[in-house]
Amino acid sequence: MEIVEATRHVLEAGKSSELTALLATVADATAMDGEPRFATKISRDLARAVVCRKYSRGVLQLCHLVNAVDACGTGKDRWERFFFGLDKVRGTSIRAWLNEAVNQNDWRRPGFEISVDGLHMTYSDGDFVLGFGRMSFLTALLETVIGMVGYEPVDKIFAQMTKHATDQDEVKDAANALNRLIYDWLRDHLPGTHAAEKFEAIVAYLKTSSDSGSVQVSDENILQFWLQQNNGHADAISDFRTYRSAVGSFVDFLRAIETGSTQSMVSYARPLGTDRDAGEIDPMVLEGDDPAGAWQTPLALLDSPPADAIKFLNKREREGLDFLMDCGPLAIDLPLSIMRSEVFGSVQARITQALRRKAGNNVVQDLLGCADAEPYAERTLRFHDYEQHLLRVQKAVLHVLTREDPGPDTDQDPDLPEDADTTNVVPLFAGKTLPDGAREQSLAAFKDLNRRGFSEDDLEDPNIREGFSIGAGALVLARDHLADYLVVLARLQSDDDDLEQVFSTDLQVFQSLFTVMYGEKE
Amino acid sequence: MTIQINLPDDQSMATVQEHFADEDNVRQTLTAMREAEPTIAFSRLWRFASGEVTHDADLLTALRHDSKLAADVNALLQKISWSHLPQAAAASTDEDLRLRETDLCAIRIESSRAEPDQVYVIIELKDAEANAPRTLITSAAGGTLERLELPAAQGGVIQVLLQHDDAVLIALRDHGTEVFLR
Chain A
1 MEIVEATRHV
11 LEAGKSSELT
21 ALLATVADAT
31 AMDGEPRFAT
41 KISRDLARAV
51 VCRKYSRGVL
61 QLCHLVNAVD
71 ACGTGKDRWE
81 RFFFGLDKVR
91 GTSIRAWLNE
101 AVNQNDWRRP
111 GFEISVDGLH
121 MTYSDGDFVL
131 GFGRMSFLTA
141 LLETVIGMVG
151 YEPVDKIFAQ
161 MTKHATDQDE
171 VKDAANALNR
181 LIYDWLRDHL
191 PGTHAAEKFE
201 AIVAYLKTSS
211 DSGSVQVSDE
221 NILQFWLQQN
231 NGHADAISDF
241 RTYRSAVGSF
251 VDFLRAIETG
261 STQSMVSYAR
271 PLGTDRDAGE
281 IDPMVLEGDD
291 PAGAWQTPLA
301 LLDSPPADAI
311 KFLNKREREG
321 LDFLMDCGPL
331 AIDLPLSIMR
341 SEVFGSVQAR
351 ITQALRRKAG
361 NNVVQDLLGC
371 ADAEPYAERT
381 LRFHDYEQHL
391 LRVQKAVLHV
401 LTREDPGPDT
411 DQDPDLPEDA
421 DTTNVVPLFA
431 GKTLPDGARE
441 QSLAAFKDLN
451 RRGFSEDDLE
461 DPNIREGFSI
471 GAGALVLARD
481 HLADYLVVLA
491 RLQSDDDDLE
501 QVFSTDLQVF
511 QSLFTVMYGE
521 KE
Chain B
1 MTIQINLPDD
11 QSMATVQEHF
21 ADEDNVRQTL
31 TAMREAEPTI
41 AFSRLWRFAS
51 GEVTHDADLL
61 TALRHDSKLA
71 ADVNALLQKI
81 SWSHLPQAAA
91 ASTDEDLRLR
101 ETDLCAIRIE
111 SSRAEPDQVY
121 VIIELKDAEA
131 NAPRTLITSA
141 AGGTLERLEL
151 PAAQGGVIQV
161 LLQHDDAVLI
171 ALRDHGTEVF
181 LR
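For the protein sequence lines, the chains are A and B, in the order given.
Following the working numbering, the numbering of the first sequence begins with 1 at its first residue and continues without gaps.
Following the working numbering, the numbering of the second sequence begins with 1 at its first residue and continues without gaps.
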């Protein structure tokens, strides 16, 4: 008896490509104190920019930034000192570095100025403005580009550019040269994807149950789709091996349907410029933000500076909420798909990990039997616990936002990233009175939270206070979304087939398929 | 619960498919990143090359196995160093190297007369008034990096006494080694 051939596919899937290893390296880079060098959101944004080939605007901004730091730095390694000498890369530390450099050295070349929001660069053919908040992303982008193509070619391009960069054409030439290097590297290193096959598989499946152009997506047909993709072929190579990936693909499909038809074609890396006939792309109209109203997980805001300096959620809470928050309002329409992903998706992840580390047969068999699958009722209770935690954190945040002594720097300019989503920002309203009971509750909640950021000493830091102000909006959004989801779960619990019954049925379904996919063969 | 959708026409479907591909690529990449084994970030390389960090065992190990990383560190050291002494000429590789020279300095290796197990490394600056280097870094062809903190110069001369089996000395004698003075 031996573990089925499917193990090979699991191992194959677990292999890191050079690109994902590189992105993981940048995401994993640490400051001197061992904390992440970049905010989590930066690493996610970087991955999106690279794998979707939407990096050309960033590359152009990067070249302008290199030009500016070259003009205020000292030594042979002027731009390197800025990009790699910065320890924790945040908008505030970048601003401090630039201010100090200019105070000490002044500008070696004219045309540069530091404003409240960022860098203002004046060229012979126009101005270019770059905000401090964007520079963290550009630093991560540079680290990635050097990891791709090597230091020497990048240094040559920058050396050439900074010799002559008195007009923007010089900077665009450098950006184009870098874009070409990145494009060539990605051509060989972007992992092969089966996105087209996946898309067609989903569309074909949905069309089988419909005679018209109108199709339906439900919890049940997502489960049936996944079963159909994997059932009966122990060593079948499916693009939807994991249940969670199948749900994720349906979420992506629904979002693409929602936004795709209203947006223009995706832009690919092409020469920057305004000559459309020559195939150039105007960098300022590239890579627009997500469409207005598109869902963005509120956890992303908590992952961004300055809110990321506060431990609103620990690792377990973060992981427990991640998928639900990522799916957004679609989770309300597909509640069981979320629940199945949380419970049986976790079991499947443990199975693949066990196979990868070549765990004993008995361990794998226990996992295939889903013995440790968390019943839906228990998982629901855990969601309730998270909701209560979010409530406690909200109360603690209320204490911070209403405390009488906000510290000496209340009037200081907030260090809000220039590209931060400010729709969720709750303005500081120090001194506003709360009813006594509410004030006591919020103070108690604050004192009970023994986590980074939740001490009176921490509140002396204006960045921490700003982090609370921004985090407050994200916490409200997260708790509202979780509460909506719990309402749907409560409704399911009151159905004839309550959650226990659904779990019992699902248990057999997943046990059966996991055994086919990963079990022993005669 | 059911979500009812109308599939778009073929033209719009192409755009939808591109959006799907983007989202799918990002999702796959972020998932793969959780399993990926991080390597050495360039910022870590810079910290070491610039002297901000002087000990990084993992980095030194990685340099021996990753030729691209080794090329990066050599290029970086070449840029930021006070003087770069490249690999010696291939014609003389049959014997240990005793002299390396650039237009800024010369590095001589001389045996100690008093202690047979010890060897002098003497760095003579061609401009005795120049700011003297403080660190010597050797980079062997196989990626092995060695670092030696230098004493202050006396009259344009820096002198270090090393054991004959010191790793820095072995590297200095090797024709395939590049030397950087910082």
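Simulated from the structure, these hints should not be mistaken for laboratory data.
If you're wondering where the values come from, they're calculated on a predicted model, not measured in any experiment.
Glycine included, every Cβ here is placed at the ideal spot set by N, Cα and C.
Each hint should be verified, as a subset may be incorrect.
Claimed, not checked - Partial list, computed: chain A residues near chain B (C-beta under 8 angstroms):
| id | residue |
| --- | --- |
| 1 | 17 |
| 2 | 45 |
| 3 | 78 |
| 4 | 100 |
| 5 | 102 |
| 6 | 103 |
| 7 | 146 |
| 8 | 249 |
| 9 | 255 |
| 10 | 257 |
| 11 | 328 |
| 12 | 329 |
Comparing the hints with the structure gives:
For the restraint placing residue 17 of chain A at the interface with chain B, the shortest Cβ-Cβ distance is roughly 7 angstroms, inside the 8 angstroms limit, so the hint holds. For residue 45 of chain A, the shortest C-beta to C-beta distance to chain B is roughly 10 angstroms, which exceeds 8 angstroms, and the interface hint is violated. The restraint placing residue 78 of chain A at the interface with chain B is violated, with a minimum CB-CB distance near 10 angstroms, outside the 8 angstroms limit. A least Cβ separation of about 17 angstroms between residue 100 of chain A and chain B goes past the 8 angstroms threshold, and the interface hint is therefore violated.
With its C-beta approaching chain B no nearer than about 21 angstroms, residue 102 of chain A sits outside the 8 angstroms limit, and its interface hint is violated. Interface hint status for residue 103 of chain A: violated, as the beta-carbon distance to the closest one in chain B is roughly 22 angstroms, over 8 angstroms. Annotation: residue 146 of chain A was flagged as interfacial toward chain B, and the flag holds, the nearest CB pair being 5 angstroms apart, inside 8 angstroms. Hint on residue 249 of chain A holds. Least Cβ distance to chain B is approximately 7 angstroms, under the 8 angstroms limit.
The interface hint given for residue 255 of chain A holds, since its Cβ lies 6 angstroms from the closest Cβ of chain B, which is under the 8 angstroms cut-off. Restraint check, residue 257 of chain A versus chain B: the minimum CB separation of about 6 angstroms is within 8 angstroms; hint holds. Annotation: interface hint on residue 328 of chain A violated; nearest CB of chain B at approximately 13 angstroms, more than 8 angstroms. Annotation: residue 329 of chain A was flagged as interfacial toward chain B, and the flag is violated, the nearest CB pair being 10 angstroms apart, outside 8 angstroms.
The structure is inconsistent with the numbered hints 2, 3, 4, 5, 6, 11 and 12, although it conforms to all the rest.
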